[in-house]
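Sequence lines, in order, name chains B and F. The first sequence: position 11 = 11 (this note's numbering), numbered continuously. Going from the second sequence to this note's numbering is simple: count from 1 and add 173.
No lab work stands behind these hints: they were computed from the structure. Incorrect hints may appear among the rest.
[Claimed, not checked] With a straight-line Cα cutoff of 30 Å, these simulated BS3-like cross-link-like pairs (lysine-lysine) come out:
(1) F:K364 / B:K109
(2) F:K456 / F:K584
(3) B:K23 / B:K103
(4) F:K227 / F:K254
(5) B:K23 / F:K456
(6) F:K537 / B:K109
(7) B:K170 / B:K56
(8) B:K77 / F:K316
(9) B:K23 / F:K254
(10) F:K537 / B:K103
(11) B:K77 / F:K364
(12) B:K109 / B:K73
(13) F:K185 / F:K213
(14) F:K227 / B:K170
(15) B:K73 / B:K160
(16) B:K56 / F:K364
(17) F:K185 / B:K23
(18) F:K209 / F:K364
(19) F:K316 / B:K17
(20) F:K227 / F:K209
(21) B:K73 / F:K537
(22) F:K316 / F:K336
Next come the chains, spelled out residue by residue.
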Amino acid sequence: MTFSPELEARFERFLAKYPADRKRSALIPMLIYAQDEVGSVTDELVDEVARRVGVKPLEVREVVGFYSMLHAKPMGKFHVQVCTNISCLLVGGEQLYEQACHKLGLGHKQVSADGRISLEEVECIAACSWAPAVQINYDYYHDVTPAQLDKLLDGLMAGKAPEQITEVPKVNS
Amino acid sequence: MLYNQPNPLEVKVLTRRFGLPNSQSIETSLANDGYKAAEKALGMSQEEIINEVKASGLRGRGGAGFPTGMKWSFVPRQSPKPKYIMVNADESEPGTCKDRLLMEYDPHQLIEGVIIAALAVGAEQGYIYIRGEFRYLIEHMDKAIAEAYQRGFLGSNIFGSGKTFNLATHSGAGAYECGEESALLESFEGKRGNPRIRPPFPAVAGAYQSPTVLNNVETFCSVPSIILSGPAYFAGLGSPKNGGTRLFCLSGHINKPGVYELPMGFNLMRMINEVGGGMRGGKKLKAVIPGGSSCPVLKADECDVNMDFDSVAAIKSMLGSGGVVVMDEDTCMVKAALRIMRFYAHESCGWCIPCREGTTWLRKLLQRFHDGMGTRNDIVLIGDLSKNMLGRTFCPLGDAAAMPTISFVEKFRDEFEAHLDGKPCPYEKSSRLVAA
């Protein structure tokens, strides 16, 4: 299996972080960064990463099944994650999630037909003091209002990338 | 840009560099006392460092509040195996959002705290386990670590001392359970995040079964101030046996939610009214979760409490991880208990049956209850089920799910009863149906 030179370089850095006989520590970081490039944790990726860290493919599958960010099937190019945990719930997180469901016509962990957008109701993403919070891929949106969520989703549905939706910028630097 | 405005009542120790131009850069850090404590620690013996941390009254900021200096002293002096420092940056406790800021605005303070811990126990390698959702912070920390290597603060001859200390980030991939120390170590080793049976504790057999110091981000970030300004200064900031300040994360129905650094022992009502700007829309306070979703809920009349580990424990709750969730009179307590249980049922790793089955059945019971289909006997059953989980699991997740539930049922029984006999939730026109 071939990866981009950037990902290969990253793999090399990951494998160098841990003691020589503890390559397995690189497994989860490798999987999550590879998933970003490949789109999901495919059978081929499982075998490849297993070979590189020196474990059985089954041991990789065990891990993939455990972590909520690792997906055996691809999520959308833009993965919209709405938190509805306690702090977000108190200030409208659940309404935001329902708004997103209706607008996108998607439910929990569903992907749009063109593969561009997916939706997930997520557990706490550590933005409680700036709730309700939304993450699109790895970017944070704080104190999200229904109007802002509309703008974000309209933009995504119109084919824009999140950074092109300038009315609602991400908060993390 | 800061995510919320500071408050004049704050005592800025860990957050003192927040808001400075380029506060994340090593230049800003160095211009503002950065790495001075690490240099000072290089001139101290291991005992001296540990004794200062003990004398400071610093207690673990991850939730359990275990004395940090004591934890460090459990690491065996002589070890045939290498020793490790592990930073728990898996911040996932609902209500808690402080470690994000500590890494975002002052990553060098964390690196410095880790270096001092390494000197205290004689470790040559450290890792920062960062939850996968914090991708931007992993990049942020990597950049700061690279700056520290360039300056010779990390590497094979730190500060020209001849000592070695290497530090690297490690990405998680989404699992609340991995914030529990032994599950974190399993995850770090590339496995499912199931907890380990203890003892042995990580100080003796942690990463790769080697002696490991494992603390929360905020705990490590407190260490440079202790070494630089002295343990007496740090201890004096807080209340007896609860040294220092703490980053309290205020969320929920208040006017000015935010993360504020306040002295340990700061009164909760003052926190809500004077720091948090009071209740939103002039509503009445109903309840507060004082330290993240794992802590028993407090009724409004219990909230005149000083926020340190011992005072909150005295009223049978916990200071936990500093997540203060404020709920007003319009909040349905059954709904709050249900949402919290949905979380624990989702996050239970499934290793221990009382937790795996207990959280799932409690979720179903609470859902049914909230939908108006509960019976009087269910109230008893919810309490019974929860109590049967207590102390019967490898890790504290089972307790963390059971304790708040017991408190919700005991303290707000009237609200549970108001949902009986097919009545819809009094707080919601139509309750949301989720298939159990």
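Structure-based check of each hint:
no., hint, result
1, F:K364 / B:K109, "holds (24 Å)"
2, F:K456 / F:K584, "holds (20 Å)"
3, B:K23 / B:K103, "violated (44 Å)"
4, F:K227 / F:K254, "holds (25 Å)"
5, B:K23 / F:K456, "violated (55 Å)"
6, F:K537 / B:K109, "holds (21 Å)"
7, B:K170 / B:K56, "violated (40 Å)"
8, B:K77 / F:K316, "holds (27 Å)"
9, B:K23 / F:K254, "holds (18 Å)"
10, F:K537 / B:K103, "holds (28 Å)"
11, B:K77 / F:K364, "holds (27 Å)"
12, B:K109 / B:K73, "holds (10 Å)"
13, F:K185 / F:K213, "holds (22 Å)"
14, F:K227 / B:K170, "violated (41 Å)"
15, B:K73 / B:K160, "holds (23 Å)"
16, B:K56 / F:K364, "holds (12 Å)"
17, F:K185 / B:K23, "violated (41 Å)"
18, F:K209 / F:K364, "violated (38 Å)"
19, F:K316 / B:K17, "holds (15 Å)"
20, F:K227 / F:K209, "holds (20 Å)"
21, B:K73 / F:K537, "holds (28 Å)"
22, F:K316 / F:K336, "holds (22 Å)"
The structure is inconsistent with the numbered hints 3, 5, 7, 14, 17 and 18, although it conforms to all the rest.
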